[in-house]
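Spelled out from the first residue to the last, the chains are:
2 protein chains.
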Amino acid sequence: MINIAGYSQTKFGELWEKSLFELVKESIDNLLISTKTEISEIDAIYFGNMLGGVTENNLHAGSKIAEIYGVNIPVFRVESACASGGMAFNLGHTYLEANPNKKIIVVGAEKMTDVMPEEITEGLSSAASGAEQEAGLTFPGLYALMARTYLDKYNYDKKNLACVAVKNHLHGFLNPYAQFRKKITEEEVLKSPMIADPLGVLDCSPITDGASALLLTNDKKFIKNKKIVNIFSSEIATDSISLMNRKRIDGIDATKIAAEKAYKKAKLKPEDIQIAEVHDCFTIAELFAMEDLGFYKKGTAGKRLLDYETLLDNKGKLIVNTSGGLKSAGHPVGATGIKQIGEIYMQLIGNAENRQVKNLKYGLAHNVGGSGGTAVVSILGI
Amino acid sequence: MINIAGYSQTKFGELWEKSLFELVKESIDNLLISTKTEISEIDAIYFGNMLGGVTENNLHAGSKIAEIYGVNIPVFRVESACASGGMAFNLGHTYLEANPNKKIIVVGAEKMTDVMPEEITEGLSSAASGAEQEAGLTFPGLYALMARTYLDKYNYDKKNLACVAVKNHLHGFLNPYAQFRKKITEEEVLKSPMIADPLGVLDCSPITDGASALLLTNDKKFIKNKKIVNIFSSEIATDSISLMNRKRIDGIDATKIAAEKAYKKAKLKPEDIQIAEVHDCFTIAELFAMEDLGFYKKGTAGKRLLDYETLLDNKGKLIVNTSGGLKSAGHPVGATGIKQIGEIYMQLIGNAENRQVKNLKYGLAHNVGGSGGTAVVSILGI
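Just so you know, the protein sequences line up as chains A and B, in that order. Start counting at 1 in the first sequence, then tack on 359, and there's your number in our numbering. Start counting at 1 in the second sequence, then tack on 359, and there's your number in our numbering.
One should not assume that every hint holds.
Because identical chains cannot be distinguished in the list, a pair is counted as satisfied if it fits within a single copy or across any two copies.
[Said to hold, decoys possible] No more than 30 Å apart at the CA atoms, straight line, and that leaves these computed lysine-lysine pairs for DSS-like:
#1 K461 <-> K518
#2 K370 <-> K628
#3 K395 <-> K606
#4 K579 <-> K542
#5 K620 <-> K384
#6 K461 <-> K606
#7 K517 <-> K395
#8 K395 <-> K620
#9 K626 <-> K370
#10 K384 <-> K606
#11 K624 <-> K579
#12 K580 <-> K624
#13 K583 <-> K377
#14 K377 <-> K606
#15 K580 <-> K662
#16 K606 <-> K462
#17 K623 <-> K579
#18 K542 <-> K720
#19 K583 <-> K606
Think of the hints as simulated: they come from the structure by calculation, not from any bench. None of these values were measured; they are calculated from a predicted model.
Please take these sequences and the hints and turn them into a complete structure.
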């Protein structure tokens, strides 16, 4: 069995005083301390990062991480837009499937707030197709097209989106590492400045600096006396990045395909999952996730989420985005997929403090790249 | 056993009429045709690419490749500067170690000649450390520092470098896919315009467009009636990217460490290797490779290569860079590591046409990132 044996993250937010690699180092250093592990015990590192080359002229991160620690182990950098962290986790998991008695670090980081917003917007748009970029479609625009399609098809309006932002800010308020620790109301979301109809600024996740790191292992000796979680599955699906080439845009097929594979491999069903971190880059994305991950029937998420049944302490069967999600905890692109898994790990081992969900056995993390061109679904349990 | 069951590449050169993804498609299409395989039979794709984000604002390549073929399989993009191709190969190999009866494609591509040379120089320098970039050290400068150290230490001069360029151009002259199919003389190399002392322009590999693709499999049924090569090992080592933090700069320790692991896993010794593709981004780099890979004793490569003992038809025990190397075949960064393995594959199955080495059993491919921050060594055999 492959296990998660530790998690660490930096504060997510505008961290102007810290560089990309300082964030990487902080998250790895704290992971090593908390797991009582020396860097010399680590066999490989998988690093998720999207924009290092674009905003910092900083590629070849593998050797730069090796330099920080004076090691000669393999260090892989993987990029898959906002799914870079989930992809790094998946590759690390595969390495452990192939190699017994190993210990690896999966780390993700992104440095986004040091450059002009236009530069970040352009960098993020690199995850879209060339035609979409040329049409001036940035990610709020792409998700707005999908949101408008969904809301019109199922007779919903902006209120059915706003509840997601409100819930995730209630959760993020409880998370000391979250970027926005501020409760917001539905009215505030509905009145927030329009970015791309129907998405207001409070429907959108922010730009964020931050890093997160997991220790993965299949070393039985090493896990003695450690709080561990089992990885039951980690599955990936892709889809056409261009919306115009998708079969549908009232949801994300890549999520659906990855989830079906992940449930099958874990021998679990959506109704077994008690806690999930889903990719709410925009409020609409959490509605899609609830349906595409099999939690809700198609077209019903708009209605069901209005009741806040996935909010902590509301005694729902499934609690979603206790970290605050991308919306409130922040979205340092390469770190997000790893933070999601880290949150599930902390919940499953009972270390989630004032946002702890009780009696947990199974959790799921869901990471999306771009407008749905890549999805990673990982199922964990104890 | 994990096998290579096919190889394809585009022409390497200035391919202004083709985009990055057109090159990817061309190499994959031809690979599928030559191996009589449908894309629907492929389980995953690993893509090596360095500069897509920098020169084209083209990230999230995984979903863009999925879109070309209308598939939903995992597509990973990995970046490790000039070792991106080798790293993609290594990850694909690990996937097959973990998953029986699979078929995957490992593809690498780079589009470098469509932008101004300054932009490519800056993009490539992103593989160096921040301090080196700020000091104005681009890669010819970094390798020149290493070359000067080596030449002075072992009492060699520029002639000991020039012979590498001459040999690799003699090989590239025979390779229909090579960028420069032109024989050159030692005198021409020695008189070529100085780029960074002691490296003249003919000591340097060019900037290049191109793509290359391998089919890897562990599916026993699939390989029936196919020409296959066994992968004995693929190992990676990293090192500090900054020259000032290295233990030595008269060679590349990452190569040495990766090679030792690769020989051990393959249960072979350097003297077993009959053919090698080594990373000659600059002439000095081939001297380093010959020593660090264990073929020659430290400090002797300068002398031994003067005799052209690794030239095709010179009846040496080891022939090096029959493709023409990076120097003559070209260096489309993400494609290089895969082309090297492809050349060894073609040689081992006897399909190397007029550059065929006879009676081969074992070959080695050696791919380096940056000034030696990453090295990938893979050993193949039949």
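(Q) Taking the earlier hints as the rules, which of them does this structure contradict? (A) 1, 2, 4, 7, 9, 13, 15, 19
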